[in-house]
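Line order of the protein sequences matches chains A and B. The first sequence: position 343 = 343 (full-length UniProt numbering), numbered continuously. The second sequence: position 403 = 403 (full-length UniProt numbering), numbered continuously.
No wet-lab data here; the hints were simulated from the structure. Do not rely on the hints blindly, as some may be mistaken.
Note that identical chains are pooled: a pair holds if it fits in a single copy or bridges any two copies.
As a list, the in silico DSBU-like pairs of lysine-lysine whose alpha-carbon atoms are at most 30 Å apart [unchecked claim]: (1) LYS74 - LYS416; (2) LYS17 - LYS529; (3) LYS74 - LYS523; (4) LYS481 - LYS513; (5) LYS492 - LYS533; (6) LYS527 - LYS17; (7) LYS523 - LYS492; (8) LYS481 - LYS586; (9) LYS416 - LYS158; (10) LYS527 - LYS492; (11) LYS74 - LYS586; (12) LYS17 - LYS533; (13) LYS529 - LYS562; (14) LYS523 - LYS513.
Number of protein chains: 2
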Amino acid sequence: MDLIPDLPSGPLDVYRKQASFNWKKMKLFLESPEDIEIANEAFKYMEEEPIFQHPDRDLTLEEERHLTFQRMKKVYNSDILYPDDLFMNRNKHRVLNNVISLYDWSLLARKSLLIEFPMGAFLGLGTDRHRKFINSLMNREIGFAFCLTEISHGSNTKALRTEARYDIESESFILHTPDFEAAKCWAGCLGKTASHCLVFAQLYTPDGVCHGLHNFVTPVRDPQTLQPYPGVTIFDMGAKIGLNGMDNGVIMFNHYKIPRENLLNKTGDVTVDGKYVSPFKDPSKRFEGRVGITEFGVINLTKALTISIRYSAVRRQFGPENQGEIPVLEYPLQQYRLFPYLSGLYVLHCFSVKLKDRNMSFRLAVMGGSEDPDYLANFGQEIHALSCFSKPYSGWMARDAVQESREACGGHGYLKAAGFGKIRNDNDANCTYEGDNNVLLQQTSNWLLSLWVARQRTDFTRFPMGTVSYLNQYNKYLNMKWSSDTFNRNLKDEDIIQTCLDTYCWLVCWLCKATSQDMETLKSSGKNKFDIKNNCQIFRAHNLSLAYGERVFITWFLESIKEADVSLQIPLYRLLALFSLTRVLKHVSSYVEGGLINGENVVITNIEEHITRLLSEILPDSVSLIDAFAPPDFFLNSVLGNADGRVYEHMYRKMLTSPGSVTRDTNWQEMRYNIPSKL
Amino acid sequence: MDLIPDLPSGPLDVYRKQASFNWKKMKLFLESPEDIEIANEAFKYMEEEPIFQHPDRDLTLEEERHLTFQRMKKVYNSDILYPDDLFMNRNKHRVLNNVISLYDWSLLARKSLLIEFPMGAFLGLGTDRHRKFINSLMNREIGFAFCLTEISHGSNTKALRTEARYDIESESFILHTPDFEAAKCWAGCLGKTASHCLVFAQLYTPDGVCHGLHNFVTPVRDPQTLQPYPGVTIFDMGAKIGLNGMDNGVIMFNHYKIPRENLLNKTGDVTVDGKYVSPFKDPSKRFEGRVGITEFGVINLTKALTISIRYSAVRRQFGPENQGEIPVLEYPLQQYRLFPYLSGLYVLHCFSVKLKDRNMSFRLAVMGGSEDPDYLANFGQEIHALSCFSKPYSGWMARDAVQESREACGGHGYLKAAGFGKIRNDNDANCTYEGDNNVLLQQTSNWLLSLWVARQRTDFTRFPMGTVSYLNQYNKYLNMKWSSDTFNRNLKDEDIIQTCLDTYCWLVCWLCKATSQDMETLKSSGKNKFDIKNNCQIFRAHNLSLAYGERVFITWFLESIKEADVSLQIPLYRLLALFSLTRVLKHVSSYVEGGLINGENVVITNIEEHITRLLSEILPDSVSLIDAFAPPDFFLNSVLGNADGRVYEHMYRKMLTSPGSVTRDTNWQEMRYNIPSKL
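Chain A extracted, bound-state conformation (with noise of 0.2 Å):
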């Protein structure tokens, strides 16, 4: 327990001192004991160093890029930050990605494009030929780029429209942006930063015959002088909602040459002459982007909700007549608009380590190769339907809890010191990047409808990580109803998150059901396959995305319960019944459009009531809840949220610390009244 440190004394004393659990434990149910080690050590590294310390004032879009650079170096320069076993050890690199992400998004993204993601590439799409590039990303000779998105095309990779044409003569690609709609865009560090781009590009052979994207090593900056080559041009996107320490980039090709070697041919290659030739198919999809985004919203959450249950632990505003007043923590209203979040949180944790864990197995079954190929495709399926859920949902959590803890916390959580600013500014981008949201979440759906069309003739216990199995009762599912009994009074938690989870066995199969069956009347009028896939997202495929993987949240957050210390169960049961009946209670329209609810109304009271008891029950708990995630005060940086409480104190400190907080403004002499008259 030495590892972490105890938290200091101040008003947050009596809500920890009622906690009917050691939050220490807590924090080691959530993180192991080496990954403590590891952040602890971060953590104070980036306190120490100048380089990290918060400026006391705005800085511009340049100083602020700038610092961000400069802290980048030091990443880069750092034994703790970025130690030589970096990319060896995948636990560690997780955890110091996240000290790095609590600390700052923009410094992630920065130290994570411009060497960590083009080392990826290199790895998985190029071949020996590309060893040089890597060589000179060690020795911080090159800095990349990684462009995909052009302007008029994000989603829809398909209809990008940057060519790269063979040229035998030359033996070299001929890179050419048709038009400003075509010219990559959002690249990160390309406005001013990258040497070199990893290019997605429809590649020509001569033949005129197109192969479709490949990526293409374009240099496009002089390592030296930072300026573009000749037939290369370089918009920086300026300022964007958040995330302003990266520098995002548009970029043109105006017929520009690159070696052939500098096609990553791992999957394909032209030979000199001017040949399409394809090695072998990587059967592999990769998921990595969005299996770590998924991530990014469980640190987004931490800070959020860090900062608004300790103020409203501290904020006291009315009572009961002749009490004084009381914590606003203590209204049910308050504790409903912040702890489903707080259990979203532990849920989103626990799903995302495991997520991480079972993308890995899967890469690793991949890359051993022993496995029956249908096994591969399976398990690969199903990472790919979550993790195009769990990436939207990540975010959205984020983007909600983020919102909501910003308003639970009145007027003082408007202040730029309070933090939230730039917690929903940063967090806004992941609704987006690594594919919209909204389309993501078409894929899941797409998955389970196809296996529904084949539900007759598909064992769903086939599937490795059985996120489907119960399909195979779709039956007995489809006949559930609810009785007056369900979910009643009496219920004990595990019960309850045990009904929740039938009710999404219920819901998946019922929603899967009803969409063919919509599908199937819109084919019958005529209809093509396009309009019918849209015409059924609304009330139905969107659903079942969500429907499909909050079962499996809440599935594998049991799992995650079962193995931690008896004297956590309890809260921890307490959130995911919180957790479970709050998301039920969502798709209360499809309970009675599918019939489970059939003149049951008692059942929703009973959730409801459920609901209000296991609120007051969390109360207790919840300030330590969020005390196993919190970070350090340094790297939370809100006035709001300081693990002593003293909010009051700190707001003081800041305001009267701040710089120009208690002199004129520089423009005073013309902010001055017209000569008064006497008053």
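Could you slot chain B onto chain A? The hints should help.
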């Protein structure tokens, strides 16, 4: 029609040609020709004046405030934006305020708070002896900040702790701030600008009796030097999430003397020898603030939806096989994400116009003094209940619409130049000031529940605005049941709306009944009043406030439609039907609990089918529906939302001409790479 210039031709023409109505007629349904003329002149003036040009680069906090200050001066000195009859012509004032709001919220806040709010306060709370302050305000010799909220108290104004003790000897009040937690904060224009404050403080007479909150005119800074006076400490609150053109401040008084006459003494005074006298009680509660903020949501919805709908109509992605790509607006899911807010914009706009009118009628009736006091009391209660609903609802609707619009514009929506960041950050404050949204909403349900208790001895038709008249028939409504024919497919939009209204009548009655019953149960279990109220918020009282208000929204918009040109009625009915159905669908849990649904699961499916139909019917009108609201491009200030729809050209121009876009970073020397090996 000369009043309304034609829109430029471009990619949006396709949709504009599909519209079922004349968008200029629609604009005239929304605004009178007089209002359009006033706005046009103001738009033109601001668009031409150098000081209102949009800067090319990000400003620092100090620069942003300075520029806003200069703009405020320009407003004050402009015959167009600040005409002589401004205070005599409330409608002109409203229209000009809307123009300024469309331009910049900070500018509106600054110019309103510094001079206009104190004018109102002097007229409302002051007497003849304060005329000199009005004169000085008119001459711009002084400027005010309004000081109510304290560091540790916002919503609970009774617990405010700043003291004003009357001192007989010096015939003055001595203002004192006991500690930092009692410091006045969030006062607009206080950080750097105001020479005077209107301070709400607890008035103590020499006998030690506290007479509650009163308002004191308090000089705080020398108008010539802008230095605070001795005895006054002022902090600038620094950067906020948004509204950074405004300087909010904190102020503390150290036994600070002000003349006896500086008490605004309309409703209470202290004699020279220290006796408290209360001339009369002012019966009119003031809801100006909340009524006004309801309209703020309209402005933010307008801006966000103009950008997202126009962009969605131009942005193409995917399409049916071999048929090219289609605008993303063609996707039902995209329509479902945006059109309910578009309908909300129409409904909210008409509501806020009517609410302002009725509030004005109420105030005139109070001033007239000839009306029946019961009538006035009922009128006042309705205005209070409605504005306590509409202020939160409007802020939240705008919040959600801005966020959905941001996400609906994908990656490009994340550019600062898209405009959503600023709209979101500025709108965010609306959810908190003038009463925290969640706290305010309780006022509405409190009132309804008090009416419910007295239902058997109340004639609800006596409430002048008719917002509760259906409570007379509570028995009829409580016996209502949906049949399988409710919302059947053949229903016309007018009938759908009527069915939604009936549903709301049922819902309000049932929520009144259910909440009251829950309260009785809690009472008999021994809970105190305070806890009883708080324990009924989540699933009951909160929804009750929403249901009451949503019904009024629908009712009032229905009135407006009936007054509209016949050619506009079909599209308007569609909007209202969509608004009503999507809102009705949010209360399904209550229908199940209250037994309105009882085995009739087809009703929900009917509702969903109508929504789907309405989306497709609104689609061809959608661009023109938002055109009728859209401000000139200069005010929208978004590369994605221009009236010509030439999105990519505007993006190109913006990036090409932004300072530093194609040059190296100022710090490029530091950003160079290690000396590279030969690549």
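State the violated hints by number, sorted upward, taking the hints as numbered earlier in the document. 3, 11, 13
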